[in-house]
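**Student:** One letter stands for each residue in the lines below.
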Amino acid sequence: MRTQGCSLLRRAQDQDRVLEMDDYEGPQARWCPGCGDHSILAATERLLKNEQIAPEETVVVSGIGCSGRFPHHIDTYGFHAIHGRALPVATGVKLHRPDLNVFAVMGDGDCISIGAGHWIHATRYNADMVAMMFDNHIYGLTKKQTSPTTPQGYATNTQPHGTYLPPMNPLTATLGVSNVSFVAQTAEWVPQHLNATLEAAHHHEGFSFVRILQRCPHYTSEMFLDAVRDPDRIELLVHPDGVEAGGGLSEIYEHRRRHDPSDLDFARRLAEKEGTDAERIRLGVYYRDESRPVYDRIRSVPRRSAEERVQTLEEELDRHAV
Amino acid sequence: MPPQSTTPRSARSTSVPTEGETLRTDHHTVEVVSDSGEGAQTCGRIFGTVSARMGNGVWSVEIIPAEIEPPARTPAGASGNRIRLGSEEVTNWGDYSDLVVAFNEQVLLSRHRLGVLADDATILIEEMWAEDDDEEVREAWDAAMEELAQADYRIIRVPMEEECLEVVEDPRKGKNMFVLGLLAHLYERDTDLIEDAITRKFAHKADAITESNIALLHRGLDWAEENLPFRIEVPPTADEGEKVVMNGNQAVALGTVAAGFELASMYPITPASSISHYLGRIFEDYGGILHQAEDEIAAAGVALGASFSGKPAVTFTSGPGVALKTEFLGLAIMTETPLVLVDVQRGGPSTGLPTRVEQSDLLASLYGQPGDAPHVVIAPATIEDCFHAMVTARRIAETFRAVVMILSDANLGRGVQPFPRPEPEVAWQGSPPDQSAVPEDKPPYDWNERTGLSQRFVPGQAGGQFSATGLAHDEESVVAYDYDLNQHASEMRSRKLAVLQSTLTPPEVHGEDSGDLLVVGWGSTKGAIEEAVDRAREEGLSVSSLHLTFLSPLPPGLGEIFGRFDRVMTAEINYSDDPDAPYITEENRRRGQLATLLRSTTLVDVDSWSRVLTEPLRPMQVHGAIRDRLLDESRAATTGGNG
Numbered sequence: 001m002r003t004q005g006c007s008l009l010r011r012a013q014d015q016d017r018v019l020e021m022d023d024y025e026g027p028q029a030r031w032c033p034g035c036g037d038h039s040i041l042a043a044t045e046r047l048l049k050n051e052q053i054a055p056e057e058t059v060v061v062s063g064i065g066c067s068g069r070f071p072h073h074i075d076t077y078g079f080h081a082i083h084g085r086a087l088p089v090a091t092g093v094k095l096h097r098p099d100l101n102v103f104a105v106m107g108d109g110d111c112i113s114i115g116a117g118h119w120i121h122a123t124r125y126n127a128d129m130v131a132m133m134f135d136n137h138i139y140g141l142t143k144k145q146t147s148p149t150t151p152q153g154y155a156t157n158t159q160p161h162g163t164y165l166p167p168m169n170p171l172t173a174t175l176g177v178s179n180v181s182f183v184a185q186t187a188e189w190v191p192q193h194l195n196a197t198l199e200a201a202h203h204h205e206g207f208s209f210v211r212i213l214q215r216c217p218h219y220t221s222e223m224f225l226d227a228v229r230d231p232d233r234i235e236l237l238v239h240p241d242g243v244e245a246g247g248g249l250s251e252i253y254e255h256r257r258r259h260d261p262s263d264l265d266f267a268r269r270l271a272e273k274e275g276t277d278a279e280r281i282r283l284g285v286y287y288r289d290e291s292r293p294v295y296d297r298i299r300s301v302p303r304r305s306a307e308e309r310v311q312t313l314e315e316e317l318d319r320h321a322v
Numbered sequence: 001m002p003p004q005s006t007t008p009r010s011a012r013s014t015s016v017p018t019e020g021e022t023l024r025t026d027h028h029t030v031e032v033v034s035d036s037g038e039g040a041q042t043c044g045r046i047f048g049t050v051s052a053r054m055g056n057g058v059w060s061v062e063i064i065p066a067e068i069e070p071p072a073r074t075p076a077g078a079s080g081n082r083i084r085l086g087s088e089e090v091t092n093w094g095d096y097s098d099l100v101v102a103f104n105e106q107v108l109l110s111r112h113r114l115g116v117l118a119d120d121a122t123i124l125i126e127e128m129w130a131e132d133d134d135e136e137v138r139e140a141w142d143a144a145m146e147e148l149a150q151a152d153y154r155i156i157r158v159p160m161e162e163e164c165l166e167v168v169e170d171p172r173k174g175k176n177m178f179v180l181g182l183l184a185h186l187y188e189r190d191t192d193l194i195e196d197a198i199t200r201k202f203a204h205k206a207d208a209i210t211e212s213n214i215a216l217l218h219r220g221l222d223w224a225e226e227n228l229p230f231r232i233e234v235p236p237t238a239d240e241g242e243k244v245v246m247n248g249n250q251a252v253a254l255g256t257v258a259a260g261f262e263l264a265s266m267y268p269i270t271p272a273s274s275i276s277h278y279l280g281r282i283f284e285d286y287g288g289i290l291h292q293a294e295d296e297i298a299a300a301g302v303a304l305g306a307s308f309s310g311k312p313a314v315t316f317t318s319g320p321g322v323a324l325k326t327e328f329l330g331l332a333i334m335t336e337t338p339l340v341l342v343d344v345q346r347g348g349p350s351t352g353l354p355t356r357v358e359q360s361d362l363l364a365s366l367y368g369q370p371g372d373a374p375h376v377v378i379a380p381a382t383i384e385d386c387f388h389a390m391v392t393a394r395r396i397a398e399t400f401r402a403v404v405m406i407l408s409d410a411n412l413g414r415g416v417q418p419f420p421r422p423e424p425e426v427a428w429q430g431s432p433p434d435q436s437a438v439p440e441d442k443p444p445y446d447w448n449e450r451t452g453l454s455q456r457f458v459p460g461q462a463g464g465q466f467s468a469t470g471l472a473h474d475e476e477s478v479v480a481y482d483y484d485l486n487q488h489a490s491e492m493r494s495r496k497l498a499v500l501q502s503t504l505t506p507p508e509v510h511g512e513d514s515g516d517l518l519v520v521g522w523g524s525t526k527g528a529i530e531e532a533v534d535r536a537r538e539e540g541l542s543v544s545s546l547h548l549t550f551l552s553p554l555p556p557g558l559g560e561i562f563g564r565f566d567r568v569m570t571a572e573i574n575y576s577d578d579p580d581a582p583y584i585t586e587e588n589r590r591r592g593q594l595a596t597l598l599r600s601t602t603l604v605d606v607d608s609w610s611r612v613l614t615e616p617l618r619p620m621q622v623h624g625a626i627r628d629r630l631l632d633e634s635r636a637a638t639t640g641g642n643g
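If you read the sequences in order, they're chains W and E.
Number 138 in the working numbering belongs to position 138 of the first sequence; there are no gaps in the numbering.
Number 384 in the working numbering belongs to position 384 of the second sequence; there are no gaps in the numbering.
In case anyone wonders, no lab produced these hints; they're calculated from the structure.
C-beta: ideal position from N, C-alpha, C; glycine also.
Be aware that a few hints might be false.
[Stated by the list, open to error] Pulled from the structure, derived: some chain W residues nowhere near chain E, Cβ distances all over 10 Å:
hint, residue
1, Gly26
2, Glu56
3, Tyr77
4, Phe79
5, His118
6, Gly162
7, Glu199
8, Asp265
9, Thr312
[As the list claims (entries may be wrong)] Short, incomplete list of chain E residues facing chain W, as computed with Cβ under 10 Å:
hint, residue
10, Leu254
11, Gly463
12, Tyr575
Between the sequences and the hints, there should be enough to build the whole structure, so can you do that?
**Tutor:** See below:
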């Protein structure tokens, strides 16, 4: 659990302070009506409230794109950084201040195209943060260009005759990285599942990669329409170590598969089929391993006082003395 | 008139020892060259350190091959050290080497062909190759001797291998100690200090290794005493005050600690990497983290994230890395998040000359960020400055919520020099980030209307929550849709530099306060320029020099200083067109980078002299340029005066 080995700053310092939803609410979000980002924002605020995490001890780092505006709409500390580079900034925050709760918010182009190098390496660093990849299969803010997850054949402004290549699979790619420790998939239109997945990601110590399927009503309104309308298109991965089908989910989603998130081989096989037409969209925790080295933990060093540092420096200067 | 456009090739040493005598001189430059792995660098380092301990001024530079394991006995493989000894402080690497010890004739050829040896240099060379079993080796030796005979060298053959075999079975490991013995005799070095240095060097090895190295040292001492008919004395000047000796990259590393940085991030790049090698070894003892990122961009991002979360962090790189970090620099400037970047410059553009000396990142550092991005640029002039620049940079970055770029270069990074021991202060470490609650309604960019300064909130501070953003924003960090705000915020970010400038003092002129010519430099060239100015002044020329540490903002008073000289000229290690070259006019002439900057800021007709010979400036080159400007009347007419 996250309280282990954590600093005093982890939770609200005032024990009598009870945090409510409106303690996290920022200015009115400016995303399009019906945009899935609204739902993810609400789920994040709910998570913080449920966990009673003080807003000032939370840092949300984002990249560029519609998702990049996320920190502006939540009343925590935020860093709206540059395209593709949320993860290095988030890693810097966590490395310097392991006591803070860090969330990295990215889009599909942001994370797995321009930021691909950082995504692969952040997975390997396994720093303790929740990385949310909002995947709407399109570049929205720049107006409908092909993204790495756009389905093959789908017409966009940059590939109007249809997207040339088959989409990248962010799940197999992440599951293929050494030292991966948490991979989940959820959908913003299933709030119970989104909440439960973010909770599991938050409680996992390490880099929790959550792909959140997200609707873009403006450019790709039809993208997830089948799955939204027809629960038969979805299969839930359920397990006590992952996410269970609670909150009424079992009544809606008949297709459920018990998947032990410690089984990396099977997780990879499941992920491999993701996106093929015959397969249902799977929501749940694909993989989870708490035993992997966590970068901010293995790099943590005892603090030294200013006096100690100066003393040690004097000794080092002795080694260079003429 | 000395040739102006090339390195003068015909140069005599001012210090040639004569037979049977001890040469007394206030400067002597010696180099030791071998194949990579034969230990010439260790030999040179110990010789330099011991000389510093004896009270000599010292400036050492490494001679390094471009490849890790170059083929043996090839000119490309020359590896070693060049050490300039002085009676007083030595501020630069000097002009030519006066004495060379070479382990084979091929590495010696490389030094000869590079034109780094005085024409009448004394050369001690391993003679075994002349009688080698391999005919090709013997032929190569003969050809080399023929080529070397073109110069006026005094070549002394030394049976290094033969002598070392009397002490050890494998002379390849240990010939360097024999050579150290030769040098110890020639320069009358303190044997106890050398033995002490050898003992420390091999402290972690078996005692027998230390003993055999000391035996080799004495074999060299004895051989030299019997066979070398001269000695060289560079009398040390008594100098009070404790000193330390290190290179500029080590000074940056220790300065990082002294300044209280707790996180440094980098990606491997020559010639900056050795900063991280040193910090990697010691930084955790100070509670610091050295993070090797997946790329240059991420290294800047991690430093920025760390800075955002409390204390300023630093990232180290060289030119190509600066290019990659550019977008993050813009983000740091826009969000007013303190960030320090050290650029150990190398030759450019592109991959350029990774191991070589150049100072051509100035304009890119100042203006390389798209958009209006005011920030601070400083350039240490000495190895000592490399240490203190870190402390200064952190303080400025924090006080002004600013990006500070420090421009070191391969000359400082790898030059080794003794300097007064720094006296680190507890206050330099800074205080832990303020975590007290932020008063209600205090915005994250509470710009002081006059200064542009504001107090920074850091995560953990209750009531301070805001989202930093690279988008144009108002005082609340809310995305600006009102475009007057952009004008105002730009004004605030720029004003900070003017405020910083108001705290600086005008730089001091080296030499007379007025005269015919002022030579202006920046960064690592200070020592060479001042030595050149001193030589020219001894000849009666009316010349002074000025050295700039702050490049953005520039220090105040430059226009007034320039106005006291008939002409102003920069001396730099970056490319400028010769005014006499074909097609070159006053309108299209590419000038030195500092000259370009100074012309635009002072409206003075600043001339420039610069070279990109991939090495530090030599005093004689600058001296030649000064003579050229002051004694060549036709040149004086075409380049104009100081309007």
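**Student:** All hints are to be evaluated individually against the structure, with a verdict given for each.
**Tutor:** Tested hints:
{"no.": "1", "hint": "Gly26", "verdict": "violated, 8 Å"}
{"no.": "2", "hint": "Glu56", "verdict": "violated, 5 Å"}
{"no.": "3", "hint": "Tyr77", "verdict": "violated, 4 Å"}
{"no.": "4", "hint": "Phe79", "verdict": "violated, 5 Å"}
{"no.": "5", "hint": "His118", "verdict": "violated, 6 Å"}
{"no.": "6", "hint": "Gly162", "verdict": "holds, 32 Å"}
{"no.": "7", "hint": "Glu199", "verdict": "holds, 22 Å"}
{"no.": "8", "hint": "Asp265", "verdict": "holds, 27 Å"}
{"no.": "9", "hint": "Thr312", "verdict": "violated, 6 Å"}
{"no.": "10", "hint": "Leu254", "verdict": "holds, 7 Å"}
{"no.": "11", "hint": "Gly463", "verdict": "holds, 7 Å"}
{"no.": "12", "hint": "Tyr575", "verdict": "violated, 32 Å"}
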